[in-house]
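K.L.:
Each chain, written out:
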Amino acid sequence: DTGVSQNPRHKITKRGQNVTFRCDPISEHNRLYWYRQTLGQGPEFLTYFQNEAQLEKSRLLSDRFSAERPKGSFSTLEIQRTEQGDSAMYLCASSLGAERQFFGPGTRLTVL
Amino acid sequence: AQTVTQSQPEMSVQEAETVTLSCTYDTSESDYYLFWYKQPPSRQMILVIRQEAYKQQNATENRFSVNFQKAAKSFSLKISDSQLGDAAMYFCASDNAGNMLTFGGGTRLMVKP
Numbered sequence: 014d015t016g017v018s019q020n021p022r023h024k025i026t027k028r029g030q031n032v033t034f035r036c037d038p039i040s041e042h043n044r045l046y047w048y049r050q051t052l053g054q055g056p057e058f059l060t061y062f063q064n065e066a067q068l069e070k071s072r073l074l075s076d077r078f079s080a081e082r083p084k085g086s087f088s089t090l091e092i093q094r095t096e097q098g099d100s101a102m103y104l105c106a107s108s109l110g111a112e113r114q115f116f117g118p119g120t121r122l123t124v125l
Numbered sequence: 149a150q151t152v153t154q155s156q157p158e159m160s161v162q163e164a165e166t167v168t169l170s171c172t173y174d175t176s177e178s179d180y181y182l183f184w185y186k187q188p189p190s191r192q193m194i195l196v197i198r199q200e201a202y203k204q205q206n207a208t209e210n211r212f213s214v215n216f217q218k219a220a221k222s223f224s225l226k227i228s229d230s231q232l233g234d235a236a237m238y239f240c241a242s243d244n245a246g247n248m249l250t251f252g253g254g255t256r257l258m259v260k261p
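As they're listed, the protein sequences go chains P and U. According to the working numbering, the first sequence is numbered sequentially starting from 14. According to the working numbering, the second sequence is numbered sequentially starting from 149.
Source of the hints: derived by calculation from the structure; they are not laboratory data. Since the model is a prediction, treat every value here as computed from it, not as a measurement. Among the hints, erroneous ones may be present.
[Said to hold, decoys possible] When the alpha-carbon atoms are kept at most 25 Å apart in a straight line, the in silico SDA-like pairs for lysine to any residue are as follows: (1) K260/U with Q54/P; (2) K27/P with N64/P; (3) K218/U with K84/P; (4) K70/P with N215/U; (5) K24/P with P189/U; (6) K218/U with S79/P; (7) K260/U with K70/P; (8) K84/P with N247/U; (9) K203/U with K260/U; (10) K203/U with K84/P; (11) K221/U with K27/P; (12) K203/U with F115/P; (13) K203/U with G53/P; (14) K70/P with N247/U; (15) K221/U with S75/P; (16) K221/U with R113/P.
[What the hints assert, rightly or not] Distance windows between CB atoms, simulated: (17) S190/U with G110/P: 29 to 35 Å; (18) Q162/U with K84/P: 32 to 38 Å; (19) E200/U with E96/P: 15 to 21 Å; (20) E158/U with G85/P: 37 to 43 Å.
[Claimed, not checked] Not the full set, but computed from the structure, chain U residues with beta-carbon under 10 Å of chain P: (21) Q187; (22) M193; (23) R198; (24) A201; (25) S228; (26) D229; (27) L232; (28) G233; (29) F239; (30) C240; (31) N247; (32) L249; (33) T250; (34) G252; (35) G254.
Using N, Cα and C, we set each Cβ at its ideal position, and we do this for glycine too.
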């Protein structure tokens, strides 16, 4: 299967710790998106890349959040000094240009 | 800024029957796309159907069709011949030229055998 993959699938951490998630997009897709989904809600946009360039960031992406996409391939999303309010599903999606976005299975973060 | 509203938190349909999920949106963009995504429990989001705003013809994908009313900013999803596998969360979403998706709050669809 050559779909979007995300690792880890689940992460439990203590408040104040740093966490990093990885997303591997579909190989030929040049755009990569990060969304956050809390329980019972629709996903909310965080940021997106075109190739290696981060083109847009949501106001939801506080200074504790950073995302990278070195070489325009996989991407990482790091959350520093995690808070309980960071508990959510973090979804990654990729697309070829402005075409439809394909979503990964998500990483569920629980902050204790 | 775009907003998407789904006014039905939950819907229920009998197997083989038809159900319609509602969605309204607001955007200042002239060129945009509208989507319905399905998210089964503990499974990833998949695209059900896509509508380009400049097209007047309603999109159709097998048992799934939309009723796109541009002036009213309404975009409902009709599921015909409902199947047990259709049970999921359904999200309406809009995007402006592929930069990001704005999602509604979702509608949980239950299918009764």
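K.L.:
Check whether the Cα positions of K218/U and K84/P lie no farther apart than 25 Å.
P.N.:
violated (40 Å)
K.L.:
Measure nothing beyond the straight line between the CA atoms of K218/U and S79/P; if it is 25 Å or shorter, mark the hint as holding.
P.N.:
violated (37 Å)
K.L.:
D229/U was flagged as interface toward chain P. Is the shortest Cβ-Cβ separation under 10 Å?
P.N.:
With a minimum Cβ separation of about 24 Å from chain P (threshold 10 Å), the hint on D229/U is violated.
K.L.:
Checking one constraint from the list: CA of K221/U to CA of S75/P, max 25 Å. Satisfied?
P.N.:
violated (32 Å)
K.L.:
Hold the hint about Q187/U up to the distance rule: shortest CB distance to chain P must be less than 10 Å.
P.N.:
holds (9 Å)
K.L.:
Next item in the hint list is G254/U. Is there a CB on chain P closer than 10 Å to its CB?
P.N.:
For G254/U, the interface hint holds, since the closest Cβ of chain P sits about 5 Å away, which is under 10 Å.
K.L.:
Verify the proposed pairing of K203/U with K260/U, using a straight-line Cα cut of 25 Å.
P.N.:
violated (35 Å)
K.L.:
The hint names L232/U as touching chain P; please verify it with the least Cβ-Cβ distance against 10 Å.
P.N.:
violated (22 Å)
K.L.:
Just to be sure I understand the hint, the distance between the Cβ atoms of S190/U and G110/P should be within 29 to 35 Å; is that true here?
P.N.:
Cβ of S190/U to Cβ of G110/P: about 30 Å, so the range 29 to 35 Å holds.
K.L.:
Given the hinted pair K203/U and K84/P, is their Cα-Cα distance within 25 Å?
P.N.:
violated (37 Å)
K.L.:
Quickly compare the C-alpha distance for K70/P and N215/U to 25 Å and report which way the hint goes.
P.N.:
Violated, at about 32 Å.
K.L.:
Run the distance test for K84/P versus N247/U: straight-line Cα separation, threshold 25 Å.
P.N.:
holds (20 Å)
Taken one by one, the earlier hints fail for this structure at numbers 2, 3, 4, 6, 7, 9, 10, 11, 13, 15, 18, 19, 24, 25, 26, 27 and 28, listed in ascending order.
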